[in-house]
Amino acid sequence: MFEIGRLCVKIAGRDAGLKCIVIDKIDDNYVLIDGQTRRRKCNIKHLEPIDKVLKVKKGLAHDEVLKELKKEGIEIKEKVKRKKKTAAKPGEEPEVKKQEPKPKKQEMTELKKEKPAAKPKKADKKAKAKQKKTVVKKAKKKAVKTAKPVKAKETAKKPKK
Amino acid sequence: MPAGKHKSRSLRRVYTKLPGNKVVVHHEKRKPSKAVCAVCGTPLKGVPRERPYKMQNMAKTKKRPSRPYGGFLCSKCMRAKLKEKISKQG
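Which chain is which? The protein sequence lines are Z and V, in order. Numbering of the first sequence is given in the numbering used here, commencing with residue 187 and proceeding in unit increments. Numbering of the second sequence is given in the numbering used here, commencing with residue 458 and proceeding in unit increments.
One chain only, chain Z, in its complex shape:
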């Protein structure tokens, strides 16, 4: 039943429901399979045979098995290997770290230099604010000065009436 080249569906385990070919016979109970499943030894009880038998050599390589299955219209998704992010980062980071600390120190010194320079700005602001206040006061004074004479005139006029 499970001769070499027999198309099967695996019924057990995480590869269940996937199609495969029998490549080799290991034992009365065990065969070697490959295809949509992983290439592995498998118990006959875990396989369900399909009517088709492919003409295949014993112990066929994985790539050729994929070609044979493609001819039958069975497509196989090949696993895309993920790039290890954790492995790549530690190599990159130390280089960056070496570069970064120096500018950081410079920045810190710059900041320290800037800080005292920043204080006068506040002082400037205060001064400006003071100036503004003084301007406002002056304007008020002017207004008062201008207003007073008017009042005076009015007061002066009133008694005439």
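These aren't lab readings, by the way, just hints derived from the structure by calculation. Check before you lean on any hint, since a few could be wrong.
Claimed, not checked - Here are the computed lysine to aspartate or glutamate pairs in the EDC-like style, where the Cα-Cα straight-line distance is at most 16 Å:
1) V:464 with V:485
2) V:488 with V:507
3) Z:227 with Z:213
4) Z:241 with Z:210
5) Z:253 with Z:264
6) Z:238 with Z:254
7) Z:244 with Z:213
8) V:540 with Z:237
9) V:545 with Z:234
10) V:462 with V:485
11) V:542 with Z:250
12) V:538 with Z:234
13) V:542 with Z:234
14) Z:263 with Z:249
15) Z:241 with Z:254
16) Z:231 with Z:214
17) V:519 with V:507
18) V:540 with Z:234
19) Z:253 with Z:189
20) V:545 with Z:237
21) Z:205 with Z:261
22) Z:231 with Z:213
23) V:533 with Z:234
24) Z:243 with Z:210
Claimed, not checked - If you only want the chain V side, here are some residues facing chain Z, beta carbon under 7 Å, derived:
25) 523
26) 525
27) 536
28) 538
29) 539
30) 540
31) 543
Claimed, not checked - Here are some, though not all, of the chain Z residues that point toward chain V, as calculated from beta-carbon distances under 8 Å:
32) 197
33) 198
34) 199
35) 200
36) 202
37) 203
38) 234
For each residue, glycine too, the CB sits at the ideal point set by N, CA and C.
The hints should help you fit chain V onto chain Z, whose structure is shown.
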């Protein structure tokens, strides 16, 4: 004396051992019923029986067997179903 709410049996009792070698009774909510095969009704293996707040923190791979119909059918019923499918196609 235990508090009034702890006298009722609606909460299950869990005996925990403290670091000072003292055994204390904790009162916890009862676990949900076992997961069951949708076809034959046998309790499923590999599906943990925990409250949702614990299931939430579990990995997906720890919550059900990683095979088609895992956590829904038992392995026997899954095989039968796959065989049916194959016979219908062929």
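Self-check item: Indices of hints not satisfied (ascending)
Solution: Hints 11, 19 and 28 not satisfied by this model.
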